[in-house]
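Student: This is what each chain is made of:
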Amino acid sequence: GENVEQHPSTLSVQEGDSAVIKCTYSDSASNYFPWYKQELGKRPQLIIDIRSNVGEKKDQRIAVTLNKTAKHFSLHITETQPEDSAVYFCAASIPGANNLFFGTGTRLTVIP
Amino acid sequence: GAVVSQHPSRVICKSGTSVKIECRSLDFQATTMFWYRQFPKQSLMLMATSNEGSKATYEQGVEKDKFLINHASLTLSTLTVTSAHPEDSSFYICSALPGQTLISYNEQFFGPGTRLTVL
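Keeping their order, the protein sequence lines are chains A and B.
Counting from 1, one number per residue, gives the positions in the first sequence under this note's numbering.
Counting from 1, one number per residue, gives the positions in the second sequence under this note's numbering.
Heads up, some of the hints might be wrong.
Computed list of lysine-lysine pairs in BS3-like fashion (alpha-carbon distance at most 27 Å, straight line) [stated by the list, open to error]:
id: 1; chain 1: A; residue 1: Lys22; chain 2: A; residue 2: Lys42
id: 2; chain 1: B; residue 1: Lys20; chain 2: A; residue 2: Lys42
id: 3; chain 1: A; residue 1: Lys71; chain 2: B; residue 2: Lys41
id: 4; chain 1: A; residue 1: Lys22; chain 2: A; residue 2: Lys57
id: 5; chain 1: A; residue 1: Lys37; chain 2: A; residue 2: Lys68
id: 6; chain 1: B; residue 1: Lys66; chain 2: B; residue 2: Lys41
id: 7; chain 1: A; residue 1: Lys42; chain 2: B; residue 2: Lys66
id: 8; chain 1: A; residue 1: Lys68; chain 2: A; residue 2: Lys58
id: 9; chain 1: B; residue 1: Lys64; chain 2: B; residue 2: Lys20
id: 10; chain 1: A; residue 1: Lys22; chain 2: A; residue 2: Lys58
id: 11; chain 1: B; residue 1: Lys14; chain 2: A; residue 2: Lys42
id: 12; chain 1: A; residue 1: Lys58; chain 2: A; residue 2: Lys37
id: 13; chain 1: A; residue 1: Lys22; chain 2: B; residue 2: Lys41
id: 14; chain 1: B; residue 1: Lys20; chain 2: B; residue 2: Lys41
id: 15; chain 1: A; residue 1: Lys71; chain 2: A; residue 2: Lys37
id: 16; chain 1: A; residue 1: Lys68; chain 2: A; residue 2: Lys57
id: 17; chain 1: B; residue 1: Lys64; chain 2: B; residue 2: Lys41
id: 18; chain 1: A; residue 1: Lys37; chain 2: B; residue 2: Lys41
id: 19; chain 1: B; residue 1: Lys14; chain 2: B; residue 2: Lys66
id: 20; chain 1: A; residue 1: Lys22; chain 2: A; residue 2: Lys68
id: 21; chain 1: B; residue 1: Lys41; chain 2: A; residue 2: Lys42
Note that these hints are calculated values from the structure, not bench results.
Source: prediction; values computed, not measured.
Given these sequences and hints, build the entire structure.
Tutor: Here's what the structure looks like:
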């Protein structure tokens, strides 16, 4: 099955700085890559996703890039704010199965 | 739209008892629902895929006789933890996959989770 690795496990940034989280996946058939934000004890919230036919997608302060050849994708958060502090998970999905394989998570702390 | 509910939100039970958790898609039909388990400070681990009208597909290492899944309708899937033990204490989250008529193919919508504590 698919194996998704995520780095770093923890990340602290100053408010206003950028944060970058990286993920790699193993199955070249994966075609859907969502990113989730999860606050303590709450459900994961989809913040952005990208499909394999696109290399980059941006939504205000959040962007995701995908390199299919290298099988890695990254989340970029610019102008970070304290409310961005949470655990972020990347995931990958194989067509047909629709299962989501999650990365191990990154705890982001934005220091005011 | 695309709201998923879970009930109960928290449950505490004695070792050896069974606990049922419900997952409902409130405003869409979901032929497929997923059940995840999340231990503290860890990632979501897929336990099983629940398909309406058929048997669930369990991930390797998940005991199907211990974690009973029923997907009796297009809006309801249930997970029953049988003979619960303290090591089953965890955060259980479901997600629902709507049909292609809705927003975004592939996107799953998560329930709020159920915190299970087995004493």
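Student: A separate judgement is required for each hint: does it hold in the structure or not?
Tutor: Results of checking the hints against the structure:
1. Note on lysine 22(A) and lysine 42(A): the hinted pairing holds, with a Cα-Cα distance of about 23 Å set against a maximum of 27 Å.
2. Between lysine 20(B) and lysine 42(A), the direct Cα distance comes to roughly 20 Å. Compliance with the 27 Å bound is thereby established for this hinted pair.
3. This hinted pair checks out: lysine 71(A) and lysine 41(B) have alpha carbons roughly 26 Å apart, not beyond 27 Å.
4. Distance check on the hinted pair: lysine 22(A) and lysine 57(A) sit about 15 Å apart at the alpha-carbon level, within 27 Å; holds.
5. For the given pair, lysine 37(A) sits about 23 Å from lysine 68(A) by alpha-carbon distance, which is consistent with the 27 Å threshold.
6. Distance check on the hinted pair: lysine 66(B) and lysine 41(B) sit about 24 Å apart at the alpha-carbon level, within 27 Å; holds.
7. Our distance criterion of 27 Å between C-alpha atoms is met by lysine 42(A) and lysine 66(B), whose separation comes to about 25 Å.
8. Simply put, lysine 68(A) and lysine 58(A) have alpha-carbon atoms about 18 Å apart, close enough for the 27 Å limit, and the pair holds.
9. Using a Cα cut-off of 27 Å, the hinted pair lysine 64(B) and lysine 20(B) holds, with the two alpha carbons roughly 14 Å apart.
10. This hinted pair checks out: lysine 22(A) and lysine 58(A) have alpha carbons roughly 16 Å apart, not beyond 27 Å.
11. Note on lysine 14(B) and lysine 42(A): the hinted pairing holds, with a Cα-Cα distance of about 24 Å set against a maximum of 27 Å.
12. For the hint linking lysine 58(A) to lysine 37(A), the alpha-carbon distance of about 16 Å falls within 27 Å, and the restraint holds.
13. For the hint linking lysine 22(A) to lysine 41(B), the alpha-carbon distance of about 18 Å falls within 27 Å, and the restraint holds.
14. Restraint check: the Cα-Cα separation between lysine 20(B) and lysine 41(B) comes to about 24 Å, which is no more than 27 Å; the hinted pair holds.
15. The straight-line distance between the Cα atoms of lysine 71(A) and lysine 37(A) is roughly 22 Å, inside the 27 Å bound, and the hint therefore holds.
16. Between lysine 68(A) and lysine 57(A) the CA atoms are separated by roughly 14 Å; this keeps the pair inside 27 Å, and the hint holds.
17. Restraint check for lysine 64(B) and lysine 41(B): satisfied, since their Cα atoms lie roughly 25 Å apart, inside the 27 Å limit.
18. Taking the CA atoms of lysine 37(A) and lysine 41(B), the gap is near 14 Å; set against the 27 Å cutoff, the hint holds.
19. For the hint pairing lysine 14(B) with lysine 66(B), the CA-to-CA distance comes to about 16 Å; that is within 27 Å, so the pair holds.
20. The straight-line distance between the Cα atoms of lysine 22(A) and lysine 68(A) is roughly 14 Å, inside the 27 Å bound, and the hint therefore holds.
21. This hinted pair checks out: lysine 41(B) and lysine 42(A) have alpha carbons roughly 13 Å apart, not beyond 27 Å.
Against the hints set out earlier in the document, no violation occurs for any number.
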